[in-house]
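**Student:** Chain residues, written in single-letter form:
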Amino acid sequence: EVDDDGAVDPETVIPMIDGGTEGFKGQARVIIPRFTSCFECSLDTFPPQRTYPLCTIAEKPRLPEHCISYAHVIEWPKHFPDKPMDTDSTDDMRWVYERAKARADAFGISGVTYMKTSGVVKNIIPAIASTNAIIAGVCVNEAFKLATLCSQTLDTYFMYMGADGVYTHTFRYDKKDDCPVCSSTVRTVAVHPRSTLKALLRLLKEGDLRLKAPSITKSDQTLYMQKPEALERATRPNLDKPLVEVVGETPDDETLTVTDPIFPGDVALSIKLAFDDSKPELTGDEPDPNEDR
Amino acid sequence: MRLQIEDHEVIESKSEFSVWDLRIGEPFEGLCELADSVDLSHVSDVDHAHIPYVVLLTLFTKQWRRVHQGHLPATAQEKATFRRIILSAKRCDGEFNFDEAVEQVFQTWADPRQLPPEVTQAIDAAASSRVKSSPFKLCLQAIGAWSREDNDGKPPLSGTIPDMHASTDRFVALQRVYDNQAEADCNAVQGKLRSIATSQLEFDKCVSGELLTRICKHLREVRIVTTKSLAEEMIRPYLEDEFILLESEACHSPQNPFTWYIAVRAADRFFIKRRRWPHCAADASNLSTEVCGIHSACEPVRSANESQAGEIVRFCHSELHSVASIIGGVASQEAVKVLTKQCTPLNHTFVFDGISATSSVVSV
Chain B
1 EVDDDGAVDP ETVIPMIDGG TEGFKGQARV IIPRFTSCFE CSLDTFPPQR
51 TYPLCTIAEK PRLPEHCISY AHVIEWPKHF PDKPMDTDST DDMRWVYERA
101 KARADAFGIS GVTYMKTSGV VKNIIPAIAS TNAIIAGVCV NEAFKLATLC
151 SQTLDTYFMY MGADGVYTHT FRYDKKDDCP VCSSTVRTVA VHPRSTLKAL
201 LRLLKEGDLR LKAPSITKSD QTLYMQKPEA LERATRPNLD KPLVEVVGET
251 PDDETLTVTD PIFPGDVALS IKLAFDDSKP ELTGDEPDPN EDR
Chain A
1001 MRLQIEDHEV IESKSEFSVW DLRIGEPFEG LCELADSVDL SHVSDVDHAH
1051 IPYVVLLTLF TKQWRRVHQG HLPATAQEKA TFRRIILSAK RCDGEFNFDE
1101 AVEQVFQTWA DPRQLPPEVT QAIDAAASSR VKSSPFKLCL QAIGAWSRED
1151 NDGKPPLSGT IPDMHASTDR FVALQRVYDN QAEADCNAVQ GKLRSIATSQ
1201 LEFDKCVSGE LLTRICKHLR EVRIVTTKSL AEEMIRPYLE DEFILLESEA
1251 CHSPQNPFTW YIAVRAADRF FIKRRRWPHC AADASNLSTE VCGIHSACEP
1301 VRSANESQAG EIVRFCHSEL HSVASIIGGV ASQEAVKVLT KQCTPLNHTF
1351 VFDGISATSS VVSV
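Residue numbers (the working numbering), protein chains in the order written: chain B, 1 to 293; chain A, 1001 to 1364.
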């Protein structure tokens, strides 16, 4: 909460402690909203999700993972169009495993096992109990210190790597200047004037913000809204319009507001466009560079 | 948390930075034959875009050698020219295999004789007579001897290849070629092993459970870890490097974990002498003396003496659950690594400071 001068009232701040592990690696951090960096500030350090393109899965599998994805994503809906696959049912898993193995055998690929099938279908990341204990211990340690104020708090990020000996690194993760959540600056996005609205939305999805399903409005007009359905249909034609038509010749006069399911509460992103002829003219339908071919 | 182990042998250290063993610069027979069977100018467009980059690089390297008296690209300019040659052979934009070839072009001049220093150390240690022998070491000895004497310094081929943009048939064929050569190399090493082993029993131990095969496959990940013994650490700690690090770090505050290492060791000495832990104000000065006894030179640590000794006395007997959990977690992790012989264990002391959530590894 903020007081009359816009300063944050420390008594209303609820600190957050976040920790996670993957195999021998882990991290823990303390977030004091408005004082330290927030989760969103570090979002661009997350690597994009690894996907397998459909053409590799459908026609040119090379790895056991491709065969498993095929059985799971393509063959299952074909054989059971009305039943979504239940990853907790051993019968369903066994079916996928057997189809994957058959496909792998046909292509001469080895390595399909039941365990690998579970791993790919359920997106399992192997966990080691000791790493969880360590990171949990660090998190609880911080919680204890915050609750009792008996000692200094972690400032702000603790990284743990336990595979090669033991290594940790502790540092302060600084706030990002234009973070949409914890700062209120307006972000400028440079685009070609004839790039389409669809291309802009795609830029927002694939850029450092990792938005999921952005909706965008102008001061006096809804440009594209994902929900409700009727509004989506009504605003869909706007997607293919070039941006110079949508915001006018002088984009600096218009502040666009972007909302997205990943933003908490009523947080929204304010952006301004800057027309730059040297940028590529995009339609939003270009092939995905992040797809692993 | 202090780990003491001797001669710990690891095959799969699962190192983050392992390098693929592709041998493009000095291709083996199978790879040459496979590459020769491809005529880039006469394959279909689809096929052209799905030839694995390993095959592409082998072909282009051959071409280059023909024109350059058998040499590989060596200067920065030659390497740039080589990259351009590859790119200009693309028929159209979407040929990702050619892009991969350029990305991975350094594989062409990578020297297969170069092994990580830990591996070379392990091989040398295995051959040394001072070290206690074991099937693991005998395998390493055989690999070292075979590489030196029969294979021009090149270790046995590991046989694994990365995933790459390619058609299924071509990728599987490439995999097969590498598998076959790796098997042939491993069999050759086995022959060498037979001549080194002093008895049939020794030989059998190396070959059983596919020990030799596994070591050949994961050669670049092999490690032998031996920590200093506890006795030696207590009597003759070598603290010089740690002190130098302390002085150069911006944070040589009394909070630096290494200073706590000194304090804890001082408490150990106190316990040995007096058969109890320091716990009252009067003990603090005695503890300070112990701390001084451990080090003599470092200025920042000396000034931290008094406050640290005071802290140890104040905290004596108190064990926070969260900190115990952290240390326990690290201990169990190391136990898992030692028991499963996977990943590299700690060498040798882990010190954790729960105040600032920092840690350091001490190796004295």
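Hints listed in this document are in silico derivations from the structure and should not be mistaken for laboratory results. Note that the structure is predicted; figures quoted are calculated from it, not measured. There's no promise every hint is true.
[As the list claims (entries may be wrong)] Computed from the model, here is a short list of chain B residues facing chain A with C-beta under 7 Å:
hint, residue
1, Arg62
2, Gly108
3, Ala127
4, Ala133
5, Val140
6, Leu146
7, Thr148
8, Cys150
9, Leu154
10, Gly165
11, Thr170
Where a beta carbon is used, it is the ideal one built from N, C-alpha and C, also for glycine.
**Student:** Can Leu146 (chain B) be said to touch chain A, with a Cβ gap under 7 Å?
**Tutor:** Leu146 (chain B) check fails; min Cβ-Cβ to chain A is 12 Å, beyond 7 Å.
**Student:** Any CB of chain A closer than 7 Å to the CB of Thr170 (chain B)?
**Tutor:** Holds, because the Cβ-Cβ distance from Thr170 (chain B) to chain A comes to roughly 5 Å (cut-off 7 Å).
**Student:** Does Leu154 (chain B) pass the interface check with chain A, least Cβ-Cβ distance below 7 Å?
**Tutor:** It holds, given that the least Cβ distance between Leu154 (chain B) and chain A is near 4 Å, below 7 Å.
**Student:** Can you verify the interface hint for Thr148 (chain B): is its Cβ closer than 7 Å to any Cβ in chain A?
**Tutor:** violated (11 Å)
**Student:** Verify the interface restraint on Arg62 (chain B): the C-beta must sit less than 7 Å from at least one C-beta of chain A.
**Tutor:** holds (5 Å)
**Student:** Does Ala133 (chain B) pass the interface check with chain A, least Cβ-Cβ distance below 7 Å?
**Tutor:** holds (3 Å)
**Student:** Given Ala127 (chain B) was flagged as interface, is its beta-carbon under 7 Å from a beta-carbon of chain A?
**Tutor:** violated (12 Å)
**Student:** Going by Cβ atoms only, is Gly165 (chain B) closer than 7 Å to chain A?
**Tutor:** holds (5 Å)
**Student:** Regarding the hint that Cys150 (chain B) lies at the interface with chain A, is the smallest CB-CB distance below 7 Å?
**Tutor:** violated (10 Å)
**Student:** Should the interface hint for Val140 (chain B) be scored as holding, given a Cβ-Cβ cut-off of 7 Å against chain A?
**Tutor:** holds (4 Å)
**Student:** Double-check Gly108 (chain B) for me: the hint is only fine if its C-beta lies closer than 7 Å to a C-beta in chain A.
**Tutor:** holds (5 Å)
Hint check: violations occur at hints 3, 6, 7 and 8; the rest are consistent with the structure.
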